[in-house]
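Each chain, written out:
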Amino acid sequence: MSRVAPKHSDAELMARVVAGDEEALGALYDRHAPAIQRVAFRLLGDRGLAEDVVQETILALWNRAELFDARVASLPAWLLTIARNRALDRLRARARRPNAMALSAVVAGSTDEQGALERLLAGGDLLGSAVAADADPAAALDATWLRAVVRDALAGMPQAERQAIWLAYYEDLSQSEIAARLGWPLGTVKTRTRRALARLRGILATSLGPDLGAQVGVLAEEGSDGPP
Amino acid sequence: MDRPESGSTTLDHAEAREQLDALLLERGSLTTLGDDPSAAAQALRAHLAVCPPCRRELAAVQTTGLLLANAAPDDLPLRPELRSRVLQAVRQTGAARPSAGPAPERPLRVSDETRARKSWLGLWSGGQLAAGLAATVAVIVLVGGLLLGRGLMQQRDAASAQLAALTHVTTAADRLLATPDHRQMTLHDPSGAAGGTVLFDPDSGELLVFSAGLGTEAGGEPYDCFVEHGGQRTRIGWMEAAGGVAYWVGGLPAGTTLASGDRFLVETDDPGATPALSGTL
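One line per chain: the protein sequences are A and B, in this order. Quick note: the first sequence, position 187, residue 187 per my numbering, numbers continuous. Quick note: the second sequence, position 189, residue 189 per my numbering, numbers continuous.
Some hints could be false.
Unchecked claim - Just a few of them, taken from the derived set where beta-carbon distance is under 7 Å, the chain B residues facing chain A:
| # | residue |
| --- | --- |
| 1 | D21 |
| 2 | T31 |
| 3 | L68 |
| 4 | N70 |
| 5 | A71 |
| 6 | L78 |
| 7 | L82 |
| 8 | V86 |
| 9 | A89 |
| 10 | G94 |
| 11 | T171 |
| 12 | G205 |
Bear in mind the hints are in silico, worked out from the structure with no lab data behind them. Built from N, CA and C at the ideal position, the CB exists for glycine as well.
Produce the complete structure using the sequences and hints provided.
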């Protein structure tokens with residue numbers, strides 16, 4: 001599929017989409033998919049789910065192109081609203097869905113403990129409400145502050161450790177791919193990645209303050225109130 | 001979980017925490033840990049279920065992941081193969097359009113067709129909507145042609161505008177009915193008679209309301225559209241008119257929801273007025 005020259009405005013490309021022009025749709029994907037993915041990833045914390053949101057948003061653009069009215073909202077604003085709604089739907093669904101595999105099938109723990117784990121696995125007890133800024137200005141401010149703190153923490157880490165986190169988390173590379181990219185032995189990648197995460201969490205535990213910091217702090221290697 | 005499976009069904013703290021770190025950086029693994037049927041995942045879940053410290057570690061790892069995601073760079077790269085995947089999905093499942101390229105196909109399942117037909121039939125007491133709108137469009141085209149013959153350009157333009165507006169409404173209705181999770185609400189007038197319809201896509205927040213006999217104003221006051229959620233009323237739009245159909249097409253404002261039990265109202269801004277149309281989702 002050939003690309004559409006960047007001189008075409010969103011409105012021109014949308015008119016072509018309404019007429020069934022896939023090339024114009026591809027151009028709009030190239031222009032707006034990065035921002036859609038970024039918004040979805042920030043909300044969901046999962047690249048695979050973020051990619052699903054990109055797909056659904058571009059599909060919605062195609063299906064509902066006639067509804068777009070540039071006098072009401074810009075195309076990026078329209079698309080990001082759709083993407084945010086899709087991502088929030090996933091967050092809500094994750095919080096209320098029962099796990100596909102009941103814990104009772106694999107462990108005979110207490111009901112309370114199973115419930116605690118199931119809530120965790122469903123993502124219901126997370127920091128998500130603070131990170132998922134949505135339209136709340138206070139939450140948006142929190143998200144911006146959190147972003148700055150984490151970026152500062154990453155910037156202050158040794159380069160090799162920062163690279164390990166960056167490639168794994170932001171470029172979605174496997175540990176084998178990181179080893180190939182950087183020319184490190186696989187064992188070195190694993191060691192540096194673990195060390196990097198521990199360092200990052202240690203920095204965040206300090207810089208986020210006592211309440212929030214306690215949510216990411218590194219625990220003692222041996223638990224005191226659980227099984228060995 | 002892309003990890004060697006030891007065959008052991010028990011883990012110690014160090015093994016569990018090492019696995020949790022690996023999950024954080026492995027695509028989708030934290031999200032799917034609860035569903036993963038592998039022996040390694042089962043062993044990890046079994047350990048977590050009886051180990052509060054490692055559950056706290058899981059929560060900390062999840063939180064770290066969210067914080068890292070929230071701090072994603074503005075130029076977060078897209079995987080190159082995503083483009084072709086998305087465009088392929090549009091070809092396979094997107095709405096059919098007049099083709100300027102390869103025609104995208106949307107094979108309607110029987111259930112889709114049935115649902116769409118039923119939805120339309122549910123509108124305007126017994127399927128009058130589609131026929132009514134189509135007839136209205138036809139009349140406007142005819143009248144537009146007659147008016148043009150008399151050289152009344154202004155009236156022709158008005159007819160064209162009405163035609164475009166009604167096309168906008170029917171297109172919006174088609175789009176909303178094609179969404180898998182769309183909701184439909186019948187609006188009633190003060191006598192209890194059906195007087196209008198709301199179509200709503202909860203995914204995108206897009207909404208269409210229309211009525212055949214409402215007009216756009218009462219006593220000089222325009223009709224506005226409101227959503228009442230938890231006793232709080234939010235104005236979301238206003239009724240326009242074309243060819244005898246009052247309508248509004250738009251999206252819910254950010255932060256506004258429309259869920260089961262919420263009310264939708266069409267009324268003037270007069271605080272003492274009875275809603276001209278209302279319905280409960």
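Tested hints:
no.: 1; hint: D21; verdict: 5 Å, holds
no.: 2; hint: T31; verdict: 5 Å, holds
no.: 3; hint: L68; verdict: 5 Å, holds
no.: 4; hint: N70; verdict: 5 Å, holds
no.: 5; hint: A71; verdict: 4 Å, holds
no.: 6; hint: L78; verdict: 6 Å, holds
no.: 7; hint: L82; verdict: 6 Å, holds
no.: 8; hint: V86; verdict: 5 Å, holds
no.: 9; hint: A89; verdict: 5 Å, holds
no.: 10; hint: G94; verdict: 5 Å, holds
no.: 11; hint: T171; verdict: 5 Å, holds
no.: 12; hint: G205; verdict: 6 Å, holds
In terms of the numbered hints stated before, the structure departs from none.
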